[in-house]
Structures are given as structure tokens and as C-alpha cells.
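Participant: Chain residues, written in single-letter form:
There are 2 protein chains.
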Amino acid sequence: MAAEIKHPGQIRKAPENFLDPQLLREIHEQGLDDKRRRFLRQSFLMASAASAVSSTSMSFANEVGTEGGENSAAGDPNILVLPSHSTTLGKPVAQAGYGQPSRHEHTILKRASPGLTRTQEASASFTPLQALFGIITPNGLHFERHHQGWHDIPPETHRLMIHGLVKTAMIFTLDDLMRLPSVSRIHFLECGANTAMEWGHPSVPTVQYTHGMLSCCEFTGVPLSVLLDYCGYDKQRSRFVLAEGADGSSLTRTIPIEHALDDVLVAWGMNGEMLRPENGYPLRLVAPGMQGVSWVKWLRRIEVGDQPWGTKDESIQYIDLMPDGSHRQYTSIQECKSVITSPSGGQQLLNKGMFNITGLAWSGRGKIKKVDVSVDGGRHWRSARLEGPIQNKALTRFNIDWVWDGSEVILQSRAVDETGYVQPSIDQLRKVRGSRSTYHNNAIQSWQINASGEVLNVQAY
Amino acid sequence: MAAEIKHPGQIRKAPENFLDPQLLREIHEQGLDDKRRRFLRQSFLMASAASAVSSTSMSFANEVGTEGGENSAAGDPNILVLPSHSTTLGKPVAQAGYGQPSRHEHTILKRASPGLTRTQEASASFTPLQALFGIITPNGLHFERHHQGWHDIPPETHRLMIHGLVKTAMIFTLDDLMRLPSVSRIHFLECGANTAMEWGHPSVPTVQYTHGMLSCCEFTGVPLSVLLDYCGYDKQRSRFVLAEGADGSSLTRTIPIEHALDDVLVAWGMNGEMLRPENGYPLRLVAPGMQGVSWVKWLRRIEVGDQPWGTKDESIQYIDLMPDGSHRQYTSIQECKSVITSPSGGQQLLNKGMFNITGLAWSGRGKIKKVDVSVDGGRHWRSARLEGPIQNKALTRFNIDWVWDGSEVILQSRAVDETGYVQPSIDQLRKVRGSRSTYHNNAIQSWQINASGEVLNVQAY
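Top line first, the protein sequences correspond to chains Z and D. No gaps in the numbering here: position 166 of the first sequence is 166 in the working numbering, and each next residue is one more. No gaps in the numbering here: position 308 of the second sequence is 308 in the working numbering, and each next residue is one more.
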């Protein structure tokens, strides 16, 4: 397949692997030859598909003058009718407001899985990755995971205490913290239980449920190292810190001091604004690369100590049961992982021809170095184009062009991080970890596209 | 002032200019000596300030055991009462939802200026920069500027036509475009009229109104160069493209072909999700570095031509009236600029001692190289710490620590971009441009802090 740029002088500064214009034209013509099928972004046009669009004969773009020109979807393609938004006065600017998504996007929501837990206060909701672009997760669609429900804490009453092996135990208000030198960094956040259901037979249909406990935001806060220095932590004896949340579950996590002094933040900002209540407003820990549970929400207390605490949240929960019956504990780092978000499970290809395969890659150990994509279940791999700048412990968006010939295929992506670690297959993972784990499934995800264009969640070896 | 790190081994990977722990401690003690004043983030705690907080004696953090410990704001500081969110079940995860900001953030809104225009359909609203962190502008707070109001266009009926000096005129559906190779990039977007009111005597109190027609988002779309190649644009004769919106104003802008082929995108994605209706849903032009009006919203048509069109939106509007009576036309590039967002006009310092001065810098010509900050009206300058990665034609967040001694001061920031261009003073700008301009005011902004801690919008020379 011709994937290189034949006219670099024309597509200036274009990233690698762009399709060349001639190939685009061939695909376009191929599309015009087959008007029966059309790519539907299920989650994007679900509502409209049933009505206006499905009866039209659109395929891959139309030359002006051919069947299906502008406004054809609104009725007779030969009559050009100006839509009302081109002939009427629109809505005024907001006098004072907070904007919302288009009403046409009403199906793009974070969603819970009702049978997942016994109560919805100790449960999770999932981010609709299949409908998202780039690397930033909008705050309104950030996944949730609570141990005793969420609260909207009045910020003026909230306090952070730092104590333990420190010279001076201190209590900070939010205003105190905001006066300190802050930093802003983009990081991914993944629940340790993300992709848990894929340890067994694939049972959930979409990437929202297989990988949707994943997000990436720009966080703003003060480095924990600054606060520990401020309180005068004991440099000889300090080996761990304990972070505790202010919700009823008093969620607590032990973090090694070397992580705490590295890139951990005490954060209030998320994608430019204050944290959302579901995500820890007004203060949470940001523990880059570590599993979500360590990013303690509604953060109220940090204790410095010389040994791990072994609290309920790290001895009974968030442990990996190994084949020999032992448990892996404190398995905090999220290993290198990737997933194709479109086409993905539950979507439908309605037209052979060209597609942009796109997805996300990330590693708790640093930057993503490479993402390879296979369309034949792992026999052949091509390197995808990575969107830059590639950032440390952040999502990286990948894109690669692909021409679907209408046959059954299996799509996979495989990420490599800067340490050289290669994302494993589910088979490789099971050989080491067995099949009784809940957490830390970073296996290669397989999506099968059958001849009718349906995309299904499968496991391929 | 000691701005270097004295213990680099402790604050590992910390950016430059962090205050050292000893200085932090001295400031802390200074704060404890003066409990009368306290820094208030006006826009953040406005509501609460009047009630719970102002009567407490908090200053800069508290040692455990001193007056004003945890929960002191809730009543008697000697009685520790667990707040209800620590003792009750919280709210459940969203079954299917789109999250919203905390109710405590209800004052953080985009806001219009009622007297600005005769109708609110042809007007603007402003982003609350004083309350934002990092560089990402949340979609709900993105400024608005409409010429005939906004619409929520059904995406399945929307089309983009490309015609003019092309081999094959084409019409694209949104689905067609989404099948093409897409890219995701973070760019700033600034209205050409941003800071317009500062050409005269300062008349607006806050940075929301002086600089709030400014945002920065991650945009996803297909490079216009790919589409132009696809349609076979005439490489000999093409010199300009015209972009046209689908709203009633039929807003049109001429863009030189070298820009169109460089980094201009036809975009649908904004901060991970679909564009908001107010920002051009479902399709807009992204013209990095160019003034906002060129980022045509509700994009429906691109024409390729051999001369500029001189439409109403570029001959009657968006022109700069020069001292000699002539007009500058097609002044599209937003020159290098910066502004301190906190402390900024309308905020109040209630306590001398340490503050993190923070703000934004940007340039339509590339990356930001340096931002200097003055606290004495421009006599002395110190270089601020820039948050990385510094991106091309994107906002760059700067931070610098500062100890306020309680005297009257004037804060200013001055940015330099990678071309070496230095942000001018308002005086320098007026010498060249006169005082009859509306657009393209990129002068240094001055905030005066008086002895009572009030922050005011002033002009300093």
C-alpha cells in the first residue's frame, strides 16, 4: 500500500504516512462505485442515522453535479434549499453562561454499567473514547470511580494537613496552596481496573466499556516535593507517604517517597478550570503514571513515614491474584498500553474504501516511542503516525490510513514506550499472570470487522 | 530575591526559579505575623468570602496547634468537627451523564458586555482568564463572537464545498471528512479586537474584559492542504482561498494560499469532543496564528482564486485605521503578546508575603521564547518560568514567585517570540499606529496594586 507522500512539496509540513492525492482520488472513485454502504460513526450520528441519512445515497464525497450534492439529505437532491440557519437570526451571545455541547451530541455521555457493583456509590462510569478526538478528555466526560460516592465540598472549609516525619506539621487552606509556585502538566489517568473484563471472554461491546476508565487532562497544582520541603520532611528516615481523601471511605494509599518527590502534584486545576466534584474538587493528588486509585481525591491529609501502611485499599483491594495463589501488592505503575478507538466495537463500516484508523497509546513509565497497527490479526504491522508533542506519562494519539477491501479483518494496535517495553498480547499476559487477575490488563485489544462492516470485540492470538 | 533552587537534590526535576524552602519558611513566618490580610481569588471565592472565610484569622498556612487549624472556618477552632462529606454517603456515579462544574464555581462564567454592541446576536462574550489555570480553555468557557448569532446545525445535513481554481469541485459530508487522515494540534485563538478597549483610557476593570477574547484548545481535523490536493488545485494560478460560513452573515475571509497550505485545518474536534455550537459546530476553519475572524465557523465553502476577494468582512470590518487616514487591511497575524492573569484587575491581595504571579503568552508567528515580569512598572525585569512543552502558535503559561511588601506596585509582563519580536508598550504601539485603531492591540498590560491590596487596570509608560 502506498503510504508515503509523493508530493512533499505540496503537502508542506504534513506528517508522515499521509495518503497521496492520487490514491485519495482512486479511493474516492472506488467509493462512488459502491453507494450501498457508508461509514457511520455510531455514537456520533446514532440518532440521525435512523431518519435523515440512511435513506440517502451518499458515499465518499461527491463531485459537484453528481447525485447527492449539497442539501440532498434534506430532500430532492436536485433542488438546492438554503437551510434555515443560513437565512435567520441565530441565538445571542451568553450574557453570563457556561456553554454546553450541541443537542445533536446528546448520546455522547459517560455511562455506568449497572450490574458492575452492588451500589452505584461504590462504582464506576466510563468515558466514551469511541467519540473522542486528540488527547484531551473534556471534563464533562471524565470517567468516575468512587468508593463511597462523590461530594461537592465547599472549598473555603477544605484543609490539607501534612504531618508525620516532618519538622513542622502544617495545615493549608486552598488559598495558601494557590500562593505557592504551581506547575501545569498534561497526564493520563487510568483506573487500575481498566480493561478488567477482558481478562476473561470478551463480554462488553464497546471501547467505552473495555478501556473507558481512562482520561488525559492538563493538571495544575503545587509539586508535593515543594510542600514536603516546606514542612521539613526527614530526609534520612522518610521512605513513604500516605495520602488520604476526605470522603466517607477515607481512601488511603501508600506512595514511595521517590515518587512523591518526583512528579506528584497537589492539584486544583483540571483542563484550565477547577477540578470537577466527581474528580476530587477542590483538591486531589496527581500521581503521574500510577493507577487511578493513588490519585487520591478530596485530598485532606498526607503523612510521611518510614514504612508502607498496608491499608484496606492496598491490602484487600487493588491487588493482583497470581497463578500460585500469592498477591501482587502496590502494583501502581500503569504499564505501556494502546487501543484503537475508531473503528472500534459497536461501530459499523458501511462502505469499503479509505478510513483513518485512530487510537490512543500511553505508558506510566514515560513517553510513547512507537505504535504499530495490524489489520490482519497480528501477522503484519505498520507504524502509525504519532501526534506531537509526545508528552511524558500522557496519552498519545495515533493515526494511520487504511483501505478496507470489504473482507473480514482483525484490527490491533501495539505500543512501545521509551524504556523499550512492548505491549503484550493477552496470551503473553496470561502466561505470567494467570486468569484470576482483576487489575492491570494492558493486553493488545482486537477488533474484528466482519464482511457486513460490523465491528466486534474479540480476542485474537 | 533568592529565586534559585538551593537544594536541587531534594526538589528533583523542579523547574527553574522555584523558591527555596528556607525562603518559603521566612515568608510563612512573615504571614503569621500579619493576620489582618489574606489573598482572595475574587472570582474563585467571591461568594464565600463575604460569609465564612472573612471572619477567620487564616493567613499563610498554619502550623498544627496554632490558631486557625483544620475546620476552624466551620466554627470554634478548638473543636474538631468532621464535615458531613466525611461521614455520609455521597452521590452515585452517573448512569449516563455529562458532568458540570462545582456549584461553588457558579460565578466562573463567560460574560458579555451589554453596551458593547447594538444587538447581542452581533456581539461578543469573554473568557474568565482570571480564574483559569494552565493553557487549555474549557469548552464551556470559550469566548464567543458572532456576526448574526449562533446555530446548532444538524451535522448530517451539513456540507463543505471546495471549488474555484481546482480540477474537480467537490462536496464533502462530515463523514467523508472524518475518513481522511486527521491531525490534532493545540493552538490559541484570539479575536482581532481583543484588548480593543485599551487603545484609549483603561475603562474595563478585569482581565476577562481586557483580554478575554482569547482561548487555547486542542483541535482535530483534516489539513486543508490535503483537501486542496484532493480537489487538484491549480498550482500555477492559485494565490488565495476564500472561506465562507453557513450562518446568516455569510462571513467570508480571504486567506493567502501559503497559509492555507501550511497549518490550516478543517476541524470538527475541540478539546477531545465535537465543536460547540457557539464555536462553529459541526465544522470550522482553524487558521493558527491568524485573528479569530479568519477561523470561519460553520464552514460551508472554500473557493480557490488568484486574487483577494475584498469582502465586507475584510474591507469594512477588521481593518486598522492608521494616523495618516489610510487603512491596514488583511492584518491577520496576531503579534506576540502576554498578560498577567493573577493577580489581575478586580482581585484583592489581603496579606503581604509570597504570591505566584501567573499569566499567558502567545504569538501568531510561532513559539514563545521568553516572558519577563516587572513589579516596578518596567524599571526592572525578571524572567518567568515557562510551562512546557512550549507549542507553536499556542498559549504558554508563565509563573514567577514574588514577595509583596505591602507597598504600591505595578505588575507587567513582556513576551518575546522565537522570531525575536518583543511585545511593545502601549506608547510604542501608539507612535506607529496612532489612537484610532480598534484591532490588534498587543501592548504590555499594567496592573496596579495599591497599598490596600486592590488590583487596578492602569496604563503605565
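By construction, these hints were calculated from the structure, which means they are not laboratory data. Where hints are given, some of them may not hold.
To be verified - According to the in silico footprint, chain Z covers these stretches of chain D (three or more CB under 8 angstroms from chain Z):
(1) 117-128
(2) 167-179
(3) 191-204
(4) 304-317
(5) 349-358
(6) 382-392
(7) 395-403
To be verified - Listing some non-contacts, in silico: residues in chain D with all C-beta distances to chain Z over 10 angstroms:
(8) H104
(9) S182
(10) E273
(11) R430
All of these numbers come straight from a predicted model, not from anything done at the bench. Cβ coordinates follow ideal geometry from the N, Cα and C atoms, glycine included.
Participant: Beyond 10 angstroms from every chain Z Cβ: check whether that's true for E273 of chain D.
Facilitator: violated (5 angstroms)
Participant: Does the stretch 191-204 of chain D contain three or more residues whose Cβ lies closer than 8 angstroms to a Cβ of chain Z?
Facilitator: With 0 residues close enough to chain Z, the hint is violated.
Participant: Between the stretch 382-392 of chain D and chain Z, see if three or more residues pass the 8 angstroms beta-carbon test, and mark the coverage as holds or violated.
Facilitator: Our answer is that it holds, as 4 residues pass the Cβ test (under 8 angstroms) against chain Z, meeting three.
Participant: Tell me whether the statement that chain Z covers the stretch 304-317 of chain D is true, taking a Cβ distance below 8 angstroms and needing three residues at minimum.
Facilitator: It is violated: at least three residues are needed, and the stretch 304-317 of chain D offers just 0 whose Cβ sits closer than 8 angstroms to chain Z.
Participant: Quick check: do three or more residues in the stretch 349-358 of chain D have a beta carbon closer than 8 angstroms to a beta carbon of chain Z?
Facilitator: Answer holds; 5 residues pass the 8 angstroms Cβ test.
Participant: Does the no-contact call for R430 of chain D survive, Cβ to all of chain Z over 10 angstroms?
Facilitator: R430 of chain D clear of chain Z: closest Cβ-Cβ about 30 angstroms, beyond 10 angstroms.
Participant: Just want to verify: H104 of chain D was marked as not at the interface with chain Z; is every Cβ pair farther apart than 10 angstroms?
Facilitator: Non-interface label fails for H104 of chain D: nearest chain Z Cβ at 6 angstroms, not farther than 10 angstroms.
Participant: How does the stretch 117-128 of chain D fare against chain Z when you require at least three residues with a CB closer than 8 angstroms, holds or violated?
Facilitator: holds (count 6)
Participant: Apply the coverage criterion to the stretch 167-179 of chain D and chain Z: a residue qualifies when its Cβ sits closer than 8 angstroms to a Cβ of the chain, and three qualifying residues are needed.
Facilitator: holds (count 10)
Participant: Between the stretch 395-403 of chain D and chain Z, see if three or more residues pass the 8 angstroms beta-carbon test, and mark the coverage as holds or violated.
Facilitator: Result for this restraint: holds, n = 3.
Participant: The output says S182 of chain D does not contact chain Z. Does that hold with a beta carbon cutoff of 10 angstroms?
Facilitator: violated (6 angstroms)
Of the numbered hints listed earlier, those contradicted by the structure are 3, 4, 8, 9 and 10.
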